[in-house]
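Number of protein chains: 2
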Amino acid sequence: MPRYCFTAQIEPRCIDEYKRRHAAVWPEMLEALRDAGWRNYSLFLSDAGMLVGYFEADDKDAAHARMAATAVNARWQAEMARLFAGTRTANPDAEFQYLPIVFNLAEQLQSQGLPTD
Amino acid sequence: MPRYCFTAQIEPRCIDEYKRRHAAVWPEMLEALRDAGWRNYSLFLSDAGMLVGYFEADDKDAAHARMAATAVNARWQAEMARLFAGTRTANPDAEFQYLPIVFNLAEQLQSQGLPTD
Numbered sequence: 001m002p003r004y005c006f007t008a009q010i011e012p013r014c015i016d017e018y019k020r021r022h023a024a025v026w027p028e029m030l031e032a033l034r035d036a037g038w039r040n041y042s043l044f045l046s047d048a049g050m051l052v053g054y055f056e057a058d059d060k061d062a063a064h065a066r067m068a069a070t071a072v073n074a075r076w077q078a079e080m081a082r083l084f085a086g087t088r089t090a091n092p093d094a095e096f097q098y099l100p101i102v103f104n105l106a107e108q109l110q111s112q113g114l115p116t117d
Numbered sequence: 001m002p003r004y005c006f007t008a009q010i011e012p013r014c015i016d017e018y019k020r021r022h023a024a025v026w027p028e029m030l031e032a033l034r035d036a037g038w039r040n041y042s043l044f045l046s047d048a049g050m051l052v053g054y055f056e057a058d059d060k061d062a063a064h065a066r067m068a069a070t071a072v073n074a075r076w077q078a079e080m081a082r083l084f085a086g087t088r089t090a091n092p093d094a095e096f097q098y099l100p101i102v103f104n105l106a107e108q109l110q111s112q113g114l115p116t117d
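Same order as they appear, the protein sequences are chains A and B.
Numbering-wise (my numbering), the first sequence opens with residue 1 and increments by one.
Numbering-wise (my numbering), the second sequence opens with residue 1 and increments by one.
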């Protein structure tokens, strides 16, 4: 399953609120992500507000599109928007910067004919 | 299993070389990472040289220590050092900046009593 990584910037003054909100995400939002195909999804946040997301999905664009079609996502993103730096829309996840993958351990072990565990 | 994310900066002029080297990591290095307990390890690299690493391990510090004890890691890191921006040591992975985790989808589904898939 493809692996994805994105970054975004949280307003430094909003870091504590971002952490608090993400320590107790709405159950409907969690279920929507699960049902939209987001797998092994984690968020990491530096002290300076750099946000890094990691997830696995059969298809990133389809996973985003399925979330975008839910009412709960629109409500959640609208509440989160002001926590992001420089966001001019009510949909900060449309502005995630994706980073290309350049290495995966298991794939290279496999491609070189080596056991993966 | 705990999840970890780190960032580092690659010299912009060395981005192509970094990608080329990581598209064909030495087999001994791959096996050392596997045997040291690095799981689901990926690297992502932005066009501007921002490197993001993601992996899972029972214990990050133990996984680093086991790699640090291998001869192949010393050889690999010495060759990679000049590709990192501002690195003054021959061991760039000692300077990774780790970001605290603030969200994991499966953990929150579980803690709220919801199915994870």
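Certain hints may be false.
Heads up, simulated DSBU-like pairs for lysine-lysine below, C-alpha to C-alpha not over 30 Å straight-line [claimed, not checked]:
{"hint": "1", "chain 1": "B", "residue 1": "Lys19", "chain 2": "B", "residue 2": "Lys60"}
{"hint": "2", "chain 1": "A", "residue 1": "Lys19", "chain 2": "B", "residue 2": "Lys60"}
{"hint": "3", "chain 1": "B", "residue 1": "Lys19", "chain 2": "A", "residue 2": "Lys60"}
{"hint": "4", "chain 1": "A", "residue 1": "Lys19", "chain 2": "A", "residue 2": "Lys60"}
{"hint": "5", "chain 1": "A", "residue 1": "Lys19", "chain 2": "B", "residue 2": "Lys19"}
Now the stretches of chain B that chain A is said to cover, found in silico as 3 or more residues with beta-carbon under 8 Å [what the hints assert, rightly or not]:
{"hint": "6", "segment": "43–53"}
{"hint": "7", "segment": "63–71"}
{"hint": "8", "segment": "99–107"}
None of these hints come from the bench; they were simulated from the model.
From the three backbone atoms N, C-alpha and C, an ideal C-beta is built for every residue, glycine too.
Task: Hint check against the structure, violated hint numbers in rising order - done: Hint check: 5, 7 fail, others pass.
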